[in-house]
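**Q** Below, each chain spelled out in residue letters.
Number of protein chains: 2
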Amino acid sequence: MQLTIEDATELAVRVLTRYGMPQRYAAMVAEHLVDAALSGHEFASLARLPTLAKLLQDRPPAGEIRVVKETANSALIDGGDNIAYAVSVIAMDKAIEICRKSGIAMVSAYNTWFSGRLAYYVERAARQGFIGIHCMHGTARTAPFGGMEALLGTNPIAIAFPSADEPVIIDMSMSATTHGAANLAKAKGETLPAGLAIDSSGRPTVDPDAALKGAFLAWGGHRGYGISLAVQLLGMLAGSEPVIGDDSRFGQFYLVIDPELVMPREQYHARVSELKKIIKASRPAPGVEKVRVPGENSLAHRQRARDAGAAAEVHVDDTIYARIRELLN
Amino acid sequence: MQLTIEDATELAVRVLTRYGMPQRYAAMVAEHLVDAALSGHEFASLARLPTLAKLLQDRPPAGEIRVVKETANSALIDGGDNIAYAVSVIAMDKAIEICRKSGIAMVSAYNTWFSGRLAYYVERAARQGFIGIHCMHGTARTAPFGGMEALLGTNPIAIAFPSADEPVIIDMSMSATTHGAANLAKAKGETLPAGLAIDSSGRPTVDPDAALKGAFLAWGGHRGYGISLAVQLLGMLAGSEPVIGDDSRFGQFYLVIDPELVMPREQYHARVSELKKIIKASRPAPGVEKVRVPGENSLAHRQRARDAGAAAEVHVDDTIYARIRELLN
Numbered sequence: 001m002q003l004t005i006e007d008a009t010e011l012a013v014r015v016l017t018r019y020g021m022p023q024r025y026a027a028m029v030a031e032h033l034v035d036a037a038l039s040g041h042e043f044a045s046l047a048r049l050p051t052l053a054k055l056l057q058d059r060p061p062a063g064e065i066r067v068v069k070e071t072a073n074s075a076l077i078d079g080g081d082n083i084a085y086a087v088s089v090i091a092m093d094k095a096i097e098i099c100r101k102s103g104i105a106m107v108s109a110y111n112t113w114f115s116g117r118l119a120y121y122v123e124r125a126a127r128q129g130f131i132g133i134h135c136m137h138g139t140a141r142t143a144p145f146g147g148m149e150a151l152l153g154t155n156p157i158a159i160a161f162p163s164a165d166e167p168v169i170i171d172m173s174m175s176a177t178t179h180g181a182a183n184l185a186k187a188k189g190e191t192l193p194a195g196l197a198i199d200s201s202g203r204p205t206v207d208p209d210a211a212l213k214g215a216f217l218a219w220g221g222h223r224g225y226g227i228s229l230a231v232q233l234l235g236m237l238a239g240s241e242p243v244i245g246d247d248s249r250f251g252q253f254y255l256v257i258d259p260e261l262v263m264p265r266e267q268y269h270a271r272v273s274e275l276k277k278i279i280k281a282s283r284p285a286p287g288v289e290k291v292r293v294p295g296e297n298s299l300a301h302r303q304r305a306r307d308a309g310a311a312a313e314v315h316v317d318d319t320i321y322a323r324i325r326e327l328l329n
Numbered sequence: 001m002q003l004t005i006e007d008a009t010e011l012a013v014r015v016l017t018r019y020g021m022p023q024r025y026a027a028m029v030a031e032h033l034v035d036a037a038l039s040g041h042e043f044a045s046l047a048r049l050p051t052l053a054k055l056l057q058d059r060p061p062a063g064e065i066r067v068v069k070e071t072a073n074s075a076l077i078d079g080g081d082n083i084a085y086a087v088s089v090i091a092m093d094k095a096i097e098i099c100r101k102s103g104i105a106m107v108s109a110y111n112t113w114f115s116g117r118l119a120y121y122v123e124r125a126a127r128q129g130f131i132g133i134h135c136m137h138g139t140a141r142t143a144p145f146g147g148m149e150a151l152l153g154t155n156p157i158a159i160a161f162p163s164a165d166e167p168v169i170i171d172m173s174m175s176a177t178t179h180g181a182a183n184l185a186k187a188k189g190e191t192l193p194a195g196l197a198i199d200s201s202g203r204p205t206v207d208p209d210a211a212l213k214g215a216f217l218a219w220g221g222h223r224g225y226g227i228s229l230a231v232q233l234l235g236m237l238a239g240s241e242p243v244i245g246d247d248s249r250f251g252q253f254y255l256v257i258d259p260e261l262v263m264p265r266e267q268y269h270a271r272v273s274e275l276k277k278i279i280k281a282s283r284p285a286p287g288v289e290k291v292r293v294p295g296e297n298s299l300a301h302r303q304r305a306r307d308a309g310a311a312a313e314v315h316v317d318d319t320i321y322a323r324i325r326e327l328l329n
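If you're matching them up, the sequences are chains F and P in order.
Mapped onto the numbering used here, the consecutive letters of the first sequence carry residue numbers 1 to 329.
Mapped onto the numbering used here, the consecutive letters of the second sequence carry residue numbers 1 to 329.
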């Protein structure tokens with residue numbers, strides 16, 4: 001199914017409001033989902049609507065997203081039990097607003113849950129000329145290195161650097177696989193690649209159901225475990241419990257830095273562009289076509305969609321489209 | 001060879017000042033080297049002196065370490081071409097000083113080179129109740145993922161979190177191996193483990209000499225490459241060149257955060273302790289004795305040395321001790 005941007009946005013808003021999300025927050029989520037499609041991430045796009053509808057259905061109505069504390073270089077946000085897709089836009093924009101005055105800003109957000117591509121939020125900072133960092137402590141699904149209990153979230157982190165042209169955008173989960181990927185494999189009756197998860201006895205498993213009952217492995221052994229733990233501890237600044245047992249009360253961390261604090265902003269942007277250029281022009285390893293800079297593919301994908309203008313289309317898998325329509329019955 | 005702490009410190013200061021390092025900075029480096037021994041990192045201890053002497057020998061006399069710019073929440077430091085062992089103590093302490101007033105502080109340092117265990121600096125912040133983050137952009141020795149040219153530093157990063165008891169200290173290099181390890185293997189006539197480096201034609205190599213002429217691999221594939229690139233770009237805030245060709249003009253980044261900005265400090269400390277306790281009490285994977293928290297072993301090692309009091313000793317390999325003595329001839 002091919003939808004226009006307008007139709008895809010409207011469809012997403014209709015589903016989300018139907019399941020109780022306030023209109024203004026649903027508009028934010030819809031914009032994120034459509035952007036994911038335009039950036040080449042179909043799985044993070046409208047395909048998420050059935051999951052989001054299910055998560056919304058089980059919840060009491062959300063409140064307002066409110067800044068509950070603010071200093072010259074920080075803010076604390078109560079997400080009002082709203083989805084993090086909306087909370088993170090408001091939190092990142094608050095961090096950017098504070099950074100514009102003070103040069104650096106840290107924002108924490110609590111009372112929120114579930115989010116999409118973290119790249120989406122940090123890019124907002126980079127588009128303003130700032131460095132944006134965001135990470136999230138969520139539901140415990142990952143075992144610490146050497147352990148077998150799910151104590152760490154999948155703990156994604158994203159960092160965006162502004163340049164004289166397109167930003168560098170790094171976005172990764174710190175678990176070897178994700179909840180979405182395991183659920184998708186389970187739904188399709190497929191197995192997981194080897195080495196990503198353990199069952200509840202701590203034995204390696206490729207069965208997604210056993211993995212969901214057991215734990216994902218931390219990506220990258222003891223070093224990946226270290227970074228995952230750092231993400232969790234930064235998220236906990238928002239007051240999240242050390243181990244999050246259900247799909248709520250995540251801990252969100254946002255940091256925005258203006259390079260101007262220590263060097264002329266435009267000079268920094270030029271240097272970032274220069275490093276990108278050097279990397280992209282460097283010799284690829286045997287068998288590799290081209291050396292890439294993180295974020296490059298998503299940005300190019302979106303640019304092609306923008307170039308297409310009104311003709312740009314959002315692709316939705318036919319089976320998933322049928323399921324989305326059913327959500328409106 | 002077993003030395004008392006006093007004798008080991010004095011020996012290090014004598015070597016460093018002999019090769020031109022100002023006395024007050026040599027004292028800082030010596031304290032770091034001795035602490036590395038007490039924390040169980042013999043390789044990062046007095047064994048470094050021959051390398052440091054050689055690096056000092058080739059340099060003009062260093063100047064002063066000076067704060068050249070300071071705002072309410074940041075500082076920029078000119079390292080005066082001093083070794084980063086000294087610059088990083090001064091930079092981290094400046095960040096802590098600013099953080100105490102404003103709740104968050106970023107410091108960048110330029111005109112400096114070579115450093116030891118980054119854990120040493122971030123621990124200073126955690127001991128004051130703050131979160132400390134430090135990373136360093138150094139000499140290009142690592143290929144980007146998919147590439148074969150050495151464009152990235154080994155780009156270490158360290159993060160320390162304060163707790164109600166001992167801090168969590170994460171410290172890792174973002175390259176698959178380090179310059180020190182490759183040089184050591186070369187000196188011993190040993191090979192490197194497979195999968196850590198490529199030769200100058202981009203082919204995998206276990207020959208340390210070929211690796212030093214080629215490039216180390218980024219640790220952890222495309223995700224490790226992403227984090228390494230982020231470290232490089234944060235370091236470049238200090239004005240370091242995008243790719244550093246020789247052993248000088250590194251870019252150093254320090255960030256200190258007071259949890260009090262968003263939650264009561266003691267409450268945060270208690271939560272960090274709680275997470276540590278949960279992880280350490282969790283079931284280990286089959287074949288693993290105990291689940292560990294990053295930094296735990298080094299801190300326990302140092303505690304045993306402290307408990308020994310005046311009887312604590314610094315072990316130096318006999319061959320290395322002989323080489324150190326020769327440096328004083």
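A few of these clues could be false.
Given that identical chains are not distinguished, each listed pair holds provided it fits within a single copy or across any two copies.
What the hints assert, rightly or not - Think about it this way: if two alpha-carbon atoms lie no more than 30 Å apart in a straight line, the pair counts; the simulated DSS-like pairs of lysine-lysine are:
| # | residue 1 | residue 2 |
| --- | --- | --- |
| 1 | Lys290 | Lys69 |
| 2 | Lys280 | Lys101 |
| 3 | Lys280 | Lys290 |
| 4 | Lys101 | Lys186 |
| 5 | Lys54 | Lys213 |
Rather than coming from a laboratory, the hints here were simulated on the basis of the structure.
**Q** Now tell me if each hint is right for this structure.
**A** Going down the list of hints, with the structure as the test:
no. : hint             : in the structure
1   : Lys290 to Lys69  : neither (47 Å within a copy, 40 Å between copies)
2   : Lys280 to Lys101 : neither (35 Å within a copy, 42 Å between copies)
3   : Lys280 to Lys290 : within (7 Å within a copy, 43 Å between copies)
4   : Lys101 to Lys186 : neither (48 Å within a copy, 52 Å between copies)
5   : Lys54 to Lys213  : within (20 Å within a copy, 56 Å between copies)
Of the hints listed earlier, those the structure fails to meet are numbers 1, 2, 4, in rising order.
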